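S.K.: Given next are the chains, with one letter for each unit.
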Amino acid sequence: MSRLVVGPFNRVEGDLEVRLDVADGRVQQAEVSAPMYRGFEQMLPGRAPTDALTIVPRICGICSLSQSVAAARALSALAGGSLPDNGVHAINLMSAVENLADHITHFYLFFMADFAGEAYAGRAWHGEVSRRFAAGNGLHARRAIAARARWFTMMGTLGGRWPMSGSVLPGGSTRALDGVEVLRLQALVGEFRAFLEDTLFAAALEEVAGLDSAAALQRWHAREPMAGDLRCFLTLAQDLGLEQLGRGPGRYLCHGAYAQPDGTQPIPAGVWDEAACRLEPLVLQAVSEDLTHAWLRDEAAAPRHPSQGRTEPQADKPGAYSWNKAPRLDGRVVETGALARQLASGQPLLRDLARREGGNVRSRVVARLVEVACVLPWVEQWLAALQPRAPYHQPCELPAHGQGVGLVEAARGALGHWLAVSDGRIERYQIIAPTSWNFSPRDASGQPGALEAALVGTPVPEGAAQPVAVQHVVRSFDPCMVCTVH
Amino acid sequence: MNKTPLNVLWLQSGGCGGCSMSLLCADTGDFARLLESAGVRWLSHPALSLGDGRGLLALLDDCLAGRTALDLLVLEGAVLRGPHGSGGYHRLAGSGRSMSDWLRALAGVATHVAAVGSCAAYGGIAATGPNPTEACGLQYEDDEAGGLLGAAFRARGGLPVINIAGCPTHPGWVVDTFASLAAGRLQAADLDALGRPRFYADHLVHHGCTRNEYYEFKASAGLPSEQGCLMEHMGCKGTQAHADCNIRLWNGQGSCTRGGFACVSCTEPGFQDPGHAFDRTPKVAGIPIGLPTDMPKAWFVALASLSKSATPRRVKVNAGSDHVAVPPAVRRTRLK
Numbered sequence: 001m002s003r004l005v006v007g008p009f010n011r012v013e014g015d016l017e018v019r020l021d022v023a024d025g026r027v028q029q030a031e032v033s034a035p036m037y038r039g040f041e042q043m044l045p046g047r048a049p050t051d052a053l054t055i056v057p058r059i060c061g062i063c064s065l066s067q068s069v070a071a072a073r074a075l076s077a078l079a080g081g082s083l084p085d086n087g088v089h090a091i092n093l094m095s096a097v098e099n100l101a102d103h104i105t106h107f108y109l110f111f112m113a114d115f116a117g118e119a120y121a122g123r124a125w126h127g128e129v130s131r132r133f134a135a136g137n138g139l140h141a142r143r144a145i146a147a148r149a150r151w152f153t154m155m156g157t158l159g160g161r162w163p164m165s166g167s168v169l170p171g172g173s174t175r176a177l178d179g180v181e182v183l184r185l186q187a188l189v190g191e192f193r194a195f196l197e198d199t200l201f202a203a204a205l206e207e208v209a210g211l212d213s214a215a216a217l218q219r220w221h222a223r224e225p226m227a228g229d230l231r232c233f234l235t236l237a238q239d240l241g242l243e244q245l246g247r248g249p250g251r252y253l254c255h256g257a258y259a260q261p262d263g264t265q266p267i268p269a270g271v272w273d274e275a276a277c278r279l280e281p282l283v284l285q286a287v288s289e290d291l292t293h294a295w296l297r298d299e300a301a302a303p304r305h306p307s308q309g310r311t312e313p314q315a316d317k318p319g320a321y322s323w324n325k326a327p328r329l330d331g332r333v334v335e336t337g338a339l340a341r342q343l344a345s346g347q348p349l350l351r352d353l354a355r356r357e358g359g360n361v362r363s364r365v366v367a368r369l370v371e372v373a374c375v376l377p378w379v380e381q382w383l384a385a386l387q388p389r390a391p392y393h394q395p396c397e398l399p400a401h402g403q404g405v406g407l408v409e410a411a412r413g414a415l416g417h418w419l420a421v422s423d424g425r426i427e428r429y430q431i432i433a434p435t436s437w438n439f440s441p442r443d444a445s446g447q448p449g450a451l452e453a454a455l456v457g458t459p460v461p462e463g464a465a466q467p468v469a470v471q472h473v474v475r476s477f478d479p480c481m482v483c484t485v486h
Numbered sequence: 487m488n489k490t491p492l493n494v495l496w497l498q499s500g501g502c503g504g505c506s507m508s509l510l511c512a513d514t515g516d517f518a519r520l521l522e523s524a525g526v527r528w529l530s531h532p533a534l535s536l537g538d539g540r541g542l543l544a545l546l547d548d549c550l551a552g553r554t555a556l557d558l559l560v561l562e563g564a565v566l567r568g569p570h571g572s573g574g575y576h577r578l579a580g581s582g583r584s585m586s587d588w589l590r591a592l593a594g595v596a597t598h599v600a601a602v603g604s605c606a607a608y609g610g611i612a613a614t615g616p617n618p619t620e621a622c623g624l625q626y627e628d629d630e631a632g633g634l635l636g637a638a639f640r641a642r643g644g645l646p647v648i649n650i651a652g653c654p655t656h657p658g659w660v661v662d663t664f665a666s667l668a669a670g671r672l673q674a675a676d677l678d679a680l681g682r683p684r685f686y687a688d689h690l691v692h693h694g695c696t697r698n699e700y701y702e703f704k705a706s707a708g709l710p711s712e713q714g715c716l717m718e719h720m721g722c723k724g725t726q727a728h729a730d731c732n733i734r735l736w737n738g739q740g741s742c743t744r745g746g747f748a749c750v751s752c753t754e755p756g757f758q759d760p761g762h763a764f765d766r767t768p769k770v771a772g773i774p775i776g777l778p779t780d781m782p783k784a785w786f787v788a789l790a791s792l793s794k795s796a797t798p799r800r801v802k803v804n805a806g807s808d809h810v811a812v813p814p815a816v817r818r819t820r821l822k
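Sequence lines, in order, name chains A and B.
Every letter in the first sequence is one number past the one before it in my numbering, and letter 391, counting from 1, is 391.
One rule links them: number in my numbering = place in the second sequence (from 1) + 486.
Rather than coming from a laboratory, the hints here were simulated on the basis of the structure.
Just so you know, these numbers come straight off a predicted model, no measurement behind them.
Treat the hints with caution; some may be incorrect.
Claimed, not checked - Simulated crosslink set (SDA-like; lysine to any residue; CA at most 25 Å straight-line): (1) B:K769 with A:E118; (2) B:K802 with B:L789; (3) B:K802 with A:P391; (4) B:K802 with A:C396; (5) A:K317 with B:G571; (6) B:K802 with A:A390; (7) B:K769 with A:A48; (8) B:K802 with B:E702; (9) B:K783 with B:S807; (10) B:K769 with A:D423; (11) A:K317 with A:P395; (12) A:K317 with B:D587; (13) B:K802 with B:H693; (14) B:K802 with A:D178; (15) B:K769 with A:P395; (16) B:K783 with B:I773; (17) B:K802 with B:G772; (18) B:K802 with A:K317; (19) B:K802 with B:L821; (20) B:K783 with B:S795.
Said to hold, decoys possible - Here are some chain A residues the structure puts well away from chain B; computed CB gaps all over 10 Å: (21) E206; (22) P281; (23) A300.
Unchecked claim - Stretch-level coverage of chain B by chain A, calculated; a stretch enters the list once three of its residues show a Cβ under 8 Å from a Cβ in chain A: (24) 500-511; (25) 574-582; (26) 746-755.
Glycine is no exception: its CB is placed at the ideal position from the N, C-alpha and C atoms.
My request is simple: use the sequences and hints to build the entire structure.
M.R.: The following block contains the structure:
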């Protein structure tokens with residue numbers, strides 16, 4: 001048995017270290033460490049509750065808007081307020097802009113660059129993949145940066161800027177649009193659709209969203225194996241057996257997304273059980289955070305529900321190896337992200353893939369890209385639903401005492417803020433971010449986190465200091481370490 | 487364009503990565519070419535480089551040993567000095583060594599050092615409230631010179647730390663600073679008293695604000711989404727914050743005030759702890775405490791009361807609406 005320390009990673013948001021025990025050319029055991037602490041849960045208590053709206057977006061540069069929405073929802077829950085229809089649509093639009101942009105950033109900049117690396121020189125697809133995705137200079141990666149920047153001009157109009165918009169409030173959005181602005185946004189959506197259909201899919205979005213089984217995906221791929229970047233990925237995934245890599249825990253957490261004015265959610269909340277092929281209800285009371293292996297003080301030693309959570313650093317704690325807590329649902333490990341959302345929403349292709357091969361490197365990537373194809377047409381509908389001259393914001397009076405929970409689906413998965421207010425000040429603020437779930441350390445029972453378990457069995461070639469398969473497994477979760485520890 | 491490219495090493499510590507994400511929103515059809523034209527050559531950037539972890543650690547060693555020329559060291563995110571000065575709140579993965587230690591060493595061999603974002607410049611959000619991580623900027627702790635490197639620090643090229651402050655930074659501020667350095671055109675006189683490049687810090691967020699007519703008449707928004715001036719009630723510091731946000735817009739046509747929310751003066755040291763709720767303007771006897779920069783108080787009070795009494799009905803009504811409820815009168819504008 002030899003020990004390998006992998007990190008620092010680049011093309012991962014924030015700093016990450018992975019320690020591997022390797023024997024017989026495979027990972028036997030993994031420890032995932034978040035090596036940086038910032039302390040947002042210590043910064044917020046004592047402040048005016050609305051200060052959270054300025055502070056929490058700064059937890060994360062890549063999902064700042066999702067952090068805003070979670071805070072606004074926690075405050076709205078505290079106040080028992082409601083949003084005007086335009087406010088609901090505007091916030092859904094901004095969330096979708098961020099989530100889709102993040103998927104594009106992940107695929108083109110963070111994930112695919114690894115396949116253009118020298119480890120794969122000699123593969124039949126390597127030349128073409130390098131041409132498209134080489135770090136810094138790949139033709140399609142460059143196109144994607146341009147398309148992403150143009151797509152984010154949606155946020156310039158809807159929310160003033162991205163990242164760190166301040167336009168999302170408990171009562172709606174601060175930015176009312178006029179009629180021609182909506183027309184201009186529709187034209188921008190058209191431009192982004194063209195990039196997706198020309199470059200990413202080489203197919204209409206509806207065709208991709210309509211793929212309804214593993215067999216249909218295979219036929220679609222076989223017809224033109226290198227057309228568009230999704231099929232290019234499927235080609236190399238098939239060659240490398242990426243469906244064998246990074247097996248997840250088989251339980252998937254989704255907070256539900258894009259609630260409409262009538263309360264319906266196109267992506268419902270729930271826990272998808274892969275073995276039972278069933279969406280179970282999400283029981284928030286069953287969420288807890290275990291501090292056993294986190295550098296955080298834990299006198300009680302029992303996992304706490306986030307509404308009772310504590311965050312007090314203890315850098316010299318014996319047995320600890322990460323600043324991340326270990327969130328558990330009913331004591332069990334779950335995976336969260338686009339795959340969880342697609343399973344919860346009943347997308348037939350992803351349900352079929354999960355049934356056949358579970359959560360893995362390939363199905364996580366496919367889920368993200370299929371989600372892009374599914375969500376963009378919704379963006380078109382929500383823009384069309386905006387009512388000119390109807391309100392975007394409704395004033396909302398915050399009580400001096402109370403509690404609120406704000407749940408959202410960020411690009412990387414389930415994000416929750418648990419807020420308690422007392423005497424008009426924040427008394428407690430606890431955050432569980434998507435990568436807190438996916439990259440958690442072990443808990444008191446020794447149960448490894450989702451990535452820790454997913455890495456077991458990953459091949460490590462003799463002499464490889466930074467094995468590339470490990471990089472694929474890590475990046476398939478699209479980790480955000482700055483959110484993870486916050 | 488530039489014969490010798492600028493070797494840039496970009497590191498992240500106590501921050502959110504938002505300045506990198508913002509940089510990728512630069513207003514260009516080809517980001518890679520934009521940086522190439524600006525004269526930038528990445529030694530390493532956390533979001534843009536292929537190199538694996540071992541490659542980065544080897545690169546840091548090469549820079550320290552002088553085998554690789556480090557023209558510009560960039561930090562994004564605050565320096566985390568805690569706990570108890572150990573730097574243990576961020577140990578660079580794979581190295582076991584605190585990031586603050588790495589930064590001190592690398593700053594000693596770099597020709598220029600830049601702090602990207604208010605965290606790296608002054609501590610920023612990372613230092614808010616009880617400052618649990620003992621966060622500070624590279625050469626400042628809020629508005630006190632010092633920070634990690636000390637007030638006397640000068641990089642080998644002769645400049646103090648260049649503070650591209652903002653939370654996040656506008657992509658243009660970063661690209662223009664890099665291009666100026668690559669072209670040899672950034673001198674000490676081009677930085678303001680807080681180390682910020684003057685090309686953007688010599689402006690105020692107020693300049694070019696679309697709410698200026700409301701400001702002139704003190705026709706103020708009282709509630710979110712209203713069009714009136716955000717200074718009197720909503721906490722806006724645009725008349726004091728140094729930045730060109732309403733001249734050089736964000737993400738196409740945006741800015742904070744255009745997005746309907748107050749400027750929190752994110753380019754200023756200490757913005758994270760204003761001493762009041764971000765969304766409320768503190769007042770004494772009905773007069774905002776934070777008056778416009780360079781404006782004598784007595785004049786402000788006199789002008790405000792005069793202009794309030796002269797406010798046209800259109801401006802008053804529209805200030806309290808989320809759309810133009812009363813359009814400007816249609817008149818002939820040529821000479822009569």
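S.K.: All hints are to be evaluated individually against the structure, with a verdict given for each.
M.R.: Status of each hint after checking the structure:
For the given pair, B:K769 sits about 62 Å from A:E118 by alpha-carbon distance, which is inconsistent with the 25 Å threshold. Simply put, B:K802 and B:L789 have alpha-carbon atoms about 17 Å apart, close enough for the 25 Å limit, and the pair holds. For the suggested pair B:K802 and A:P391, the alpha carbons sit about 19 Å apart, so the restraint of at most 25 Å is met. Distance check on the hinted pair: B:K802 and A:C396 sit about 23 Å apart at the alpha-carbon level, within 25 Å; holds.
Of the pairs offered as hints, the one joining A:K317 and B:G571 holds, with about 17 Å between alpha carbons and a cut-off of 25 Å not exceeded. For a cut-off of 25 Å, the pair hint linking B:K802 to A:A390 stands: about 20 Å separates their Cα positions. Between B:K769 and A:A48, the direct Cα distance comes to roughly 17 Å. Compliance with the 25 Å bound is thereby established for this hinted pair. A distance of roughly 12 Å separates the Cα atoms of B:K802 and B:E702; the hinted pair therefore holds under the 25 Å criterion.
For the given pair, B:K783 sits about 29 Å from B:S807 by alpha-carbon distance, which is inconsistent with the 25 Å threshold. For the hint linking B:K769 to A:D423, the alpha-carbon distance of about 22 Å falls within 25 Å, and the restraint holds. Between A:K317 and A:P395 the CA atoms are separated by roughly 46 Å; this puts the pair beyond 25 Å, and the hint is violated. Of the pairs offered as hints, the one joining A:K317 and B:D587 holds, with about 22 Å between alpha carbons and a cut-off of 25 Å not exceeded.
The straight-line distance between the Cα atoms of B:K802 and B:H693 is roughly 22 Å, inside the 25 Å bound, and the hint therefore holds. Pair hint B:K802 plus A:D178 holds up; C-alpha atoms about 20 Å apart against a cutoff of 25 Å. Distance restraint check for B:K769 and A:P395: the Cα-Cα separation of roughly 22 Å lies within the 25 Å cut-off, and the hinted pair is therefore satisfied. A threshold of 25 Å between alpha carbons decides the hint, and for B:K783 with B:I773 the separation of about 10 Å falls inside it, so the pair holds.
The suggested pairing of B:K802 with B:G772 holds, with an alpha-carbon distance near 19 Å, which does not exceed 25 Å. Between B:K802 and A:K317, the direct Cα distance comes to roughly 60 Å. Violation of the 25 Å bound is thereby established for this hinted pair. Taken as a hint, the B:K802 and B:L821 pair is broken in the structure, with Cα atoms around 28 Å apart against an allowance of 25 Å. Using a Cα cut-off of 25 Å, the hinted pair B:K783 and B:S795 holds, with the two alpha carbons roughly 18 Å apart.
No beta-carbon of chain B is positioned within 10 Å of the beta-carbon of A:E206; the least distance is around 28 Å. A cut-off of 10 Å between C-beta atoms confirms that A:P281 is not in contact with chain B; the least separation is 33 Å. The claim that A:A300 is not at the interface with chain B holds, since no C-beta of that chain comes within 10 Å of its own (minimum 21 Å). Check result for the segment 500-511 of chain B against chain A: holds, 11 residues qualifying (beta carbon to beta carbon below 8 Å, three or more required).
A count of 8 residues in the segment 574-582 of chain B with a Cβ less than 8 Å from any Cβ of chain A is obtained; the coverage claim is therefore met, three being the minimum. Requiring three or more residues with a Cβ within less than 8 Å of a Cβ of chain A, the coverage given for the segment 746-755 of chain B holds, as 5 such residues are present.
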